[in-house]
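Visitor: Sequence:
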Amino acid sequence: MSAPPQAPKIAMVLAAGLGTRMRPLTDNRPKALVEVGGKALIDHMLDRLAVAGVETAVVNVHYFADRLEAHLAARAKTHPLPRIVISDERPQALETGGGVKHALPLLGDDPIWVANIDSVWIEQTSAIEAVARAWDPATMDVCLMLASTTRSLGFHDTGDVFLSDEGVVRFKNPGETAPLVYVGVHICKPQVVADGPEGPFSLLPTWKALAADHRVHGVAPDGVWMHVGDPGARDIAEARLAGHP
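When you line the sequence shown up against the working numbering, it's residues 1008 to 1252, in that order.
No wet-lab data here; the hints were simulated from the structure. Since we're looking at a predicted model, the values are computed, not measured. Glycine included, every Cβ here is placed at the ideal spot set by N, Cα and C. Incorrect hints may have been included.
[What the hints assert, rightly or not] Simulated restraints on C-beta separations:
1. P1098 to S1171: 38 to 44 Å
2. P1204 to D1095: 28 to 34 Å
3. P1204 to H1086: 20 to 26 Å
4. G1250 to P1098: 39 to 45 Å
5. E1076 to S1209: 22 to 28 Å
6. D1143 to A1246: 21 to 27 Å
7. A1219 to D1172: 15 to 21 Å
8. R1030 to V1058: 44 to 50 Å
9. Q1131 to E1173: 19 to 25 Å
10. Q1198 to T1165: 29 to 35 Å
[To be verified] Here are the computed lysine-lysine pairs in the DSS-like style, where the Cα-Cα straight-line distance is at most 25 Å:
11. K1084 to K1016
12. K1084 to K1046
13. K1179 to K1196
14. K1016 to K1046
15. K1215 to K1196
Required output: the full structure, derived from the provided sequences and hints.
Guide: Below, the structure written as structure tokens:
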């Protein structure tokens, strides 16, 4: 893949969660190190980002932080890109928005990728490239990778958002069923979290506020997405990746 020129070179990889729903697999490791198809979840995402031309990945750590840091240091010996920078959240896990805000000094001012570690997918063409090609900082502050509820496993059956013909995101209202789910990867301007509260907070309220001004866009590439949220979902994802229905 040849990354589009506007594709960010820096990514924030959110790996500080407790992974409580993944127990007992997370009794002795962070969720990021749970393996799917013989590869740790975080390596699935880092490999995707490397192919997309990401040069630096800022990874936040909290639960079993020492073990995750050791894994990343070992990975760096055979995978020089992306270069890994640690955002230490050992004192307190800061959730998605708080994690990005805490890492702002490491991320710089240019647009960044933000990626969860609990999504894996089977794509027809590069989904990350599709998001990068859709990114336009003049018209948007956030660009979400989305998937159809019928082409994804383990996400919300009732969906998260609607997408206009122009790619503008509208979050569903209470009681609505939406056709698309957010699958854990997006591009954003890091400044969107700068005014967030101190301590833990979610990105979702920030997105909804920006969406009211039509500043959140999205793209739904072809593929099959799997949310690896618990041991059963891990088994399903392994089977799909191995080519089983």
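Visitor: The structure should be examined with respect to each hint, and the outcome stated for every one.
Guide: Structure-based check of all given hints:
no.: 1; hint: P1098 to S1171: 38 to 44 Å; in the structure: holds, 42 Å
no.: 2; hint: P1204 to D1095: 28 to 34 Å; in the structure: violated, 20 Å
no.: 3; hint: P1204 to H1086: 20 to 26 Å; in the structure: violated, 35 Å
no.: 4; hint: G1250 to P1098: 39 to 45 Å; in the structure: holds, 43 Å
no.: 5; hint: E1076 to S1209: 22 to 28 Å; in the structure: holds, 25 Å
no.: 6; hint: D1143 to A1246: 21 to 27 Å; in the structure: violated, 38 Å
no.: 7; hint: A1219 to D1172: 15 to 21 Å; in the structure: holds, 19 Å
no.: 8; hint: R1030 to V1058: 44 to 50 Å; in the structure: violated, 32 Å
no.: 9; hint: Q1131 to E1173: 19 to 25 Å; in the structure: holds, 23 Å
no.: 10; hint: Q1198 to T1165: 29 to 35 Å; in the structure: holds, 31 Å
no.: 11; hint: K1084 to K1016; in the structure: holds, 20 Å
no.: 12; hint: K1084 to K1046; in the structure: holds, 16 Å
no.: 13; hint: K1179 to K1196; in the structure: holds, 23 Å
no.: 14; hint: K1016 to K1046; in the structure: holds, 24 Å
no.: 15; hint: K1215 to K1196; in the structure: holds, 15 Å
In the structure shown, a violation is registered for the earlier hints numbered 2, 3, 6 and 8, in ascending order.
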